[in-house]
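Below, each chain spelled out in residue letters.
Protein chains: 2
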Amino acid sequence: MIENPLGIRPGEVAVALPQTFDAGLYFIGRIRTPWKTPDECPKNARESDAVCTIEVDARWTLALTEVETCTHLLVLYWMDRARRDLVLQAPRHYGQPRGTFALRSPVRPNPIAASVAQLVKIDGTTLSVVGLDCLDATPLLDLKPYFASTDAVPDATVGWHAERKR
Amino acid sequence: MIENPLGIRPGEVAVALPQTFDAGLYFIGRIRTPWKTPDECPKNARESDAVCTIEVDARWTLALTEVETCTHLLVLYWMDRARRDLVLQAPRHYGQPRGTFALRSPVRPNPIAASVAQLVKIDGTTLSVVGLDCLDATPLLDLKPYFASTDAVPDATVGWHAERKR
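Chains as they are written, first to last, in my numbering: chain R, 1 to 166; chain P, 1 to 166.
Okay, chain R solo, but in the shape it has when bound (with noise of 0.2 Å):
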């Protein structure tokens, strides 16, 4: 366990990583926003009603079919520019240190964002979409349709948060 090496903020806790990797990932498309370093980013998904374009390598175009009878769709990218070694980390909004598992921050072991986005439209092997709030180029890793039934769990509470607000 390495305390405060360069780079880390007051009470933020670094490991040290596995010396190989288990898997791998192919980049499968590029997500295209209007926000080019992390300050512009919106702080969750839901701060901005931009609509976002996905560009999905040729390679898949076969695997979009009936994808445009979604509304939403469960978006997985690679936020590449993140560190993966904090275990406990405070984000420049919260201040308060807190265990990586209960932050979506990118900032984790690896570095795969969870987005649900509303599918405002496909053109090919492009999707228009609402609700994403990555950096612009951000590589694609999978596209699922997001159902009611089980993704949806509207009485979910996170309770650092909401104590956080009160």
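By construction, these hints were calculated from the structure, which means they are not laboratory data.
Since the structure is predicted, the reported quantities are computational estimates derived from the model, not experimental observations.
Heads up, some of the hints might be wrong.
Partial list, computed: chain R residues near chain P (C-beta under 10 Å) [what the hints assert, rightly or not]:
1. P10
2. V51
3. A113
4. L135
5. V153
6. G159
Heads up, the beta-carbon is just placed ideally off N, CA and C, and yes, glycines get one too.
Let chain R serve as the given structure and place chain P on it in line with the hints.
Below, chain P without anything else, positioned relative to chain R:
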């Protein structure tokens, strides 16, 4: 494009995969479930109220700080026994081939599953949860707090699936 090579069903289509990976994943733990074969797994995560166990590797212990305040977690895991090259596929219980990105099948270019699980208990690095449907010993990739404000869309629909039930 390879139509109907050995091992795929009528109407399914496979593509050649890219020759190299673009990023690497760490397995950060294992999921213990009652299901040892694909046939035993529930068809979706709401079909079973079995308590499953998530064993997080000791390296990530501190990353669980404050996770106990969450009622629900978004669990990302790696479906390591799934092929990755099908773009049109006909899952056993559906029949008609559909695009991979219109399905929640494990078979996809990056076989990352995203499931919402209810958190029952945390004991050290062992989490007891309800709402998973994966094979026993499935590798864990990430745990995230489930925020109803951004993750729950109760009125989302999947057109092809709704049609099917009529």
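Results of checking the hints against the structure:
1. Here the hint on R:P10 is broken, as its CB sits about 15 Å from the closest CB of chain P, past 10 Å.
2. A distance limit of 10 Å between C-beta atoms decides the matter here; for R:V51 the minimum to chain P is near 17 Å, and the interface restraint is violated.
3. Given hint, R:A113 at the interface with chain P, holds; its Cβ is 9 Å from that chain's nearest Cβ, closer than 10 Å.
4. For R:L135, the shortest C-beta to C-beta distance to chain P is roughly 15 Å, which exceeds 10 Å, and the interface hint is violated.
5. Of the supplied interface hints, the one on R:V153 holds, with its beta-carbon coming within about 5 Å of a beta-carbon of chain P, less than 10 Å.
6. Hint status for R:G159: holds, given a least beta-carbon distance of 3 Å to chain P, under 10 Å.
Violation of the numbered hints given earlier is confined to hints 1, 2 and 4; the remaining hints are satisfied by the structure.
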